[in-house]
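Protein chains: 2
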Amino acid sequence: MTKISDIGGEQALIRHINKKIKTNPDEVILGIGDDAAITRPPKQGKNLVLTTDMLVENSHFSKSTYTPFQIGRKSSVSNISDIAAMGATPKHMLISLAIPKDITVEYIDSLYDGITEETDKHNINIIGGNITGSPSGALVINITLIGETGKEIRRSGAKPGDCLMITGDLGKSSAGLYILQHNPKISKKTKDTLKKAHLEPQHRLKESQVLKKLSCITSMNDISDGLATETKEICEASNTGAIIYKHKIPTSPATDELLKAIQKDTKETALYGGEDFELLFTAKKQDTKKIIDTLEKQTGTTATIIGKITKEKQIYLIDKNKKTELKKTGYDHFKENPFDYP
Amino acid sequence: MTKISDIGGEQALIRHINKKIKTNPDEVILGIGDDAAITRPPKQGKNLVLTTDMLVENSHFSKSTYTPFQIGRKSSVSNISDIAAMGATPKHMLISLAIPKDITVEYIDSLYDGITEETDKHNINIIGGNITGSPSGALVINITLIGETGKEIRRSGAKPGDCLMITGDLGKSSAGLYILQHNPKISKKTKDTLKKAHLEPQHRLKESQVLKKLSCITSMNDISDGLATETKEICEASNTGAIIYKHKIPTSPATDELLKAIQKDTKETALYGGEDFELLFTAKKQDTKKIIDTLEKQTGTTATIIGKITKEKQIYLIDKNKKTELKKTGYDHFKENPFDYP
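Line by line, the protein sequences give chains A and B.
Residue numbering for the first sequence follows the numbering used here, beginning at 8 and increasing consecutively.
Residue numbering for the second sequence follows the numbering used here, beginning at 8 and increasing consecutively.
Think of the hints as simulated: they come from the structure by calculation, not from any bench.
Fair warning: this is a prediction, and the values are worked out from it, not measured in the lab.
Treat the hints with care, since some could be wrong.
Pairs involving identical chains hold if they fit within one copy or between any two copies, as the list cannot separate such chains.
Unchecked claim - Only pairs whose alpha carbons sit at most 20 angstroms apart, straight line, appear in this in silico EDC-like list of lysine to aspartate or glutamate:
1) 26 with 120
2) 297 with 109
3) 53 with 34
4) 50 with 34
Starting from the given sequences, assemble the full structure and let the hints guide the process.
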């Protein structure tokens, strides 16, 4: 194991990391190594799409459960997911790290390998960053991701009557976190499936690009803070309400198995659990068949209608013909213990 | 004093902050409030300039010496300084915060006031961000700043024979830090001047824009890690060496007074002290008079020739006719105690 000071400190670490990084010379004029990076503007007629996301140790991840590769990968995924949620294409990434003293060069290598697994796959240029010490001992990663798009898909375009739809299934990341924390007695296969869903989440960039091409998605969000919160965000931005049919919320057999074993409601986990990175979107009823079929055919990913957008502003949950107003939302960093199970 | 949970948590805090933020509708299509922001591309013929910088409590600042306003302002200044060092114009900012539990809404208000003092002054749009908890108790701020430029000024353009020049004076930020740490016996006026230089540093954006217009600056860096380090960076990028005349390095009367009182070499502080945010640049000898005169006339800021670029790769310090190779560089986060006086 090599200390950062052993290889010559901050500047040597930056040179070491730079060796891992490939950029496309048609897009990047000047990469890492000056006071700032220079890139070409987006293609004619396209605008810039920009997002930033900070992952903090013991809030978004724990070093005892995540490998450094998984931490790096997750930080890439959460940013790509935000760009996907706009129907945009990611292009350039800047990475800031606050590194505690005990972190080794090998640890940083592995963390960067996690980041670059995603950036290499999606032709994202790593063009800059910042490395600093972390006297508090907490590892902090901030990623800024810049993309481009012609016409973006906003949260605010949902119209009364639109169907509310979701890719994949929900609650799996929360279920995986529960297993890491409580190690309940269920099959090893289910445990492994759910732990992987939490530690190695998937973004839906490819699905987003297929949806975008269909030109009929009226609004979109990614599920980072749970279905309840994300639905609320779409409704507030669109000045609408919504009805969610609880039994229609898709959950996986593994999630169902865990929640049954611990005698909890699997659909509640799906409603309030974060970090599934699925896409929540709306479309007119007549477009839903085309959406479901095309997405399945081109990506293998399912899309499910889970509710509809209403003129009335409230969000209601329909559970076996019982209609209740949905007031609770997902995780809040300033209200809850980060590692509380939702 | 209001707790963040008192106003309703994370989402309420974001809404509260958003009220402070103005963006230019000609440049920003979609600001804070969706998964990502949308901005127009840079003006025809211009490229994007991108930088990111993370400030970590007890490494870059201490809450016991900096007010929240000063912390926010410093995080703006260090990023603007990087864009200035490229001869570019800052346009859009994204801000990530990791906030410890005990931080109040009033503290965040003041921190944002510090950030926006600089962004408002320079018409920089705050277009996005991320707020999260910080279980370790350390306040962390990451700012990404995006600008635009036609032809940038790189580190790599210095040529043998060019003069090495600096704006303003050096060592004042380090001198201010020494006063905050050791409270030496010197005049209150000098103490206040130097503390202010450390706590409220100035970037040189205006000066950078004047220099850019002169079209004769061959390379440029900002002084964030000390003159020795920044000179080394220009030389390495330009494949040159340099000679620095120690007695020519500009220092202020206040810095001189402190260093004399504590019996240390004022020029050493200027060489190795960071965060002065002055511009270090190179130009042909015949252009230096025009540079010095124009800068003085248009900004009131002095420029000083402190050395020259050489074909020979080493960097030498000339001190009273004694020539020594400059090997030591400035601050390194992985080698030194962050609050050691350089």
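Problem - Hint numbers contradicted by this structure - result: Result: hint 2 breaks, nothing else.
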